[in-house]
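When you get a sec, could you build the whole thing from the sequences and use the hints?
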Amino acid sequence: MIELDHVTFWYHGHAEPVLADVTLSVGEGELVLLTGRTGAGKSTLLGTLNGLVPHFTGGHLEGTVSVGGVTTRSRPPREFAHLVGMVGQDPLAGFVTDTVEEELAYGMEQLGLPPQVMRRRVEETLDLLGIADLRRRALRTLSGGQQQRVAIGSVLTMHPRVLVLDEPTSALDPTAAEDVLATLARLVQDLGTTVLLAEHRMERVIPFADRMLYVPGDGTVVDGAPPDVLRDVPIVPPIVALGRLAGWEPLPMSVRDARRRAEPLRAGLRAAPARPAPTGDGPPLLTSAGVVVRYGPVVAVRGVDLDLHGGKVLAMMGRNGSGKSSLLWALQGTGPRQGGTVRAEGTDPRELPAAKARKIVGLVPQTASDLLYLESVADECTAADLESGAEPGFCRNLLDRIAPGVEPDRHPRDLSEGQRLALVLAVQLSAAPRVVLLDEPTRGLDYPAKAALARVIATLAAEGRAVVVATHDVEFVAAVADRVVVMAEGEIVSDGPTAEVLGGSPAFAPQVTKILGADWLTVDDVRAALPEAVR
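Heads up: the sequence shown begins at 1 in the working numbering, then just goes up one per residue.
Just so you know, these hints were derived from the structure itself, not from any lab. Check each hint, because a few of them may be wrong.
What follows is a list of derived Cβ distance ranges for each label pair [as the list claims (entries may be wrong)]: (1) 356 <-> 62: 49 to 57 angstroms; (2) 264 <-> 119: 52 to 60 angstroms; (3) 216 <-> 98: 38 to 46 angstroms; (4) 62 <-> 413: 22 to 30 angstroms; (5) 110 <-> 232: 53 to 61 angstroms.
All values derive from a computational prediction rather than experimental measurement. Glycine included, C-beta positions come from ideal geometry on N, C-alpha and C.
What follows is the structure in structure tokens.
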């Protein structure tokens, strides 16, 4: 179905190729996972499959890319629409209509399908992705995860033979992500659709994948079965890291496989000393009482009370559309708030001038690119240092800690999703706010970048700041959070220590907890607790 024959690709102005002499073949009905470091070239590789690279992006392509026997060199991208369905990293950037139902039908209208066929496929896709209740909603009023499902649905309605997805589950809660991946697996098995997806959260996708492509960043591509590729690569999901620590061979690819071998490990951990109890909370840096947020008749946040304490990291979780982002914007002060009070350092943030409010409460939004407006990475960092009164180079040093290697002369819009997010994070943290609100901060970040972000968050907490992380990434929450709040329908339904909330939830439990029990959240916890002899 897909053939790449000695493909090499350079972007204009770059000395080294992003792809170097890549040759691979993907058969019909395969589900292939593409992974690698942030900015390594995954999106570029996916873009070659329908001709967006180089017809749209520019650059120089050598070699041949063919899909279904048709070479991308011979035709423009629009003539591959019926053959290759593409879902990008930013769903909102790809929408061309106003409502969900119109967006699902738009692609079929361009292909000239009969109205009765279009109507049937729209209904099938609404049910398939569980978004029937959103059919008449305006696209811009949806949460990030809901937008992601609509973007996938708008491609599925055209019944492409090849489906290409770039970070399809990055904004989805764990349950919704499993539903989408199960849907993709059903398309592969029942309809023979070929699926390629780039994904940093490998723990979600590996059980479904037939093959794995790893892009190390030097232009090459490592191709093989997931167990073979993961044996040697530096970026692995928690279940594989645990298997390496325990010396399991072959490495487990699912929680079920790992649980069957985990009893000796559990026995060694039962003899380990108990972890120290968390320290008490200091005085809150921000308090909110009875916060209400409405969008017309829709109530997004219903009378929420929340205290944020210095030196603590709070994780905010819940399904897509539960009100997490709306609550963060209300706390920050620039978002709507129809009821309740918010106090930080004795005042309401929305009553302060923007420059002063930014030093008290800083927010990194889901669509990080909204905060980028200059011509280069270097300009953004320089402006951030000036606006926040930081020393020259402070923002750039922060960026290098989170995502090293971002070229200073690159335009922010040309960065990968993960690099763009890291830049916005560095810009916002340059103001050194006392309260830091992060909305989906791990979207588009690989495991090393997430580990670097975790270190930055730990440093902020150690400096006495309050940090809130709204995310669907349970593995990241297990690594960084002291406390977890779960929201549903605009209300807080669970609030407690991380181990208590995650360990007692089948939906939010990290992989290590599912394998070893509620007392263990991360591989680092296990490594620290195990006696050397057991290891």
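To see whether the hints hold, each was checked on the structure:
1. 356 <-> 62: 49 to 57 angstroms: Hint holds: Cβ distance 54 angstroms, inside 49 to 57 angstroms.
2. 264 <-> 119: 52 to 60 angstroms: Since residue 264 and residue 119 have Cβ atoms about 57 angstroms apart, the given range 52 to 60 angstroms holds.
3. 216 <-> 98: 38 to 46 angstroms: Check passed, 42 angstroms falls within 38 to 46 angstroms.
4. 62 <-> 413: 22 to 30 angstroms: Distance hint for residue 62, residue 413 holds at roughly 26 angstroms.
5. 110 <-> 232: 53 to 61 angstroms: With Cβ atoms ~44 angstroms apart, the hint is violated.
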